[in-house]
Amino acid sequence: MRKPIAHIEQVATILGVSPKRAKEMTSLGLAEEVKRGISPAAVDRVVQFISPNDVSFRNRIVPKATLARRKTGSERRLSPEESDKVARMASLWALALDVWHSPEAAQRFLAAPHPLLNGRSPSDVAVETEIGARAVEELLGRLKYGSAP
Numbered sequence: 003m004r005k006p007i008a009h010i011e012q013v014a015t016i017l018g019v020s021p022k023r024a025k026e027m028t029s030l031g032l033a034e035e036v037k038r039g040i041s042p043a044a045v046d047r048v049v050q051f052i053s054p055n056d057v058s059f060r061n062r063i064v065p066k067a068t069l070a071r072r073k074t075g076s077e078r079r080l081s082p083e084e085s086d087k088v089a090r091m092a093s094l095w096a097l098a099l100d101v102w103h104s105p106e107a108a109q110r111f112l113a114a115p116h117p118l119l120n121g122r123s124p125s126d127v128a129v130e131t132e133i134g135a136r137a138v139e140e141l142l143g144r145l146k147y148g149s150a151p
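Take any residue in the sequence shown, note its place counting from 1, add 2, and you have its number in our numbering.
Among the clues, some could well be false.
[What the hints assert, rightly or not] Derived SDA-like pairs (lysine to any residue); straight-line CA-CA distance at most 20 Å: (1) Lys37 - Ser104; (2) Lys66 - Arg78; (3) Lys22 - Ser41; (4) Lys37 - Ala24; (5) Lys37 - Gln50.
By construction, these hints were calculated from the structure, which means they are not laboratory data.
Work out the full structure, taking the sequences as your base and the hints as a guide.
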């Protein structure tokens, strides 16, 4: 069984939910927000937290042309699949911050190659697939509770 999303309020805020609504947000409520589609601006917020100096990271979350269409098109929302990927990365950020207790340390962890991820960075593994994100969450859990190298 999957663990609940870490820090629902923090994830909801990163995704652009108003502070009042974010404070009252449940996992199911957050899932509904993602299903409806979140604002493309959430991509920029996630990038600023996770990898502010990597210009290509944004486009690994949502392709450049797609993001441009979402920002200027009639929809102005990400698709449920795109929203889910952004939410996945926001959740990962919240968990990394909980483990490392500092934005700089969380960013370093997410950007650095890790031997338990076959020398790949946690952010690269997590952005590609849901299963990859779960592997990174597992690694962060092991780090938090003292069972990872």
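Going through the hints against the structure:
1. A distance of roughly 30 Å separates the Cα atoms of Lys37 and Ser104; the hinted pair therefore is violated under the 20 Å criterion.
2. With a CA separation close to 15 Å, the supplied pair Lys66 and Arg78 stays within the 20 Å bound.
3. Note on Lys22 and Ser41: the hinted pairing holds, with a Cα-Cα distance of about 18 Å set against a maximum of 20 Å.
4. Between the alpha carbons of Lys37 and Ala24 the distance comes to roughly 16 Å, so the proposed pair stays at or under 20 Å and holds.
5. Between the alpha carbons of Lys37 and Gln50 the distance comes to roughly 23 Å, so the proposed pair goes past 20 Å and is violated.
In summary, the numbered hints that this structure violates are 1, 5.
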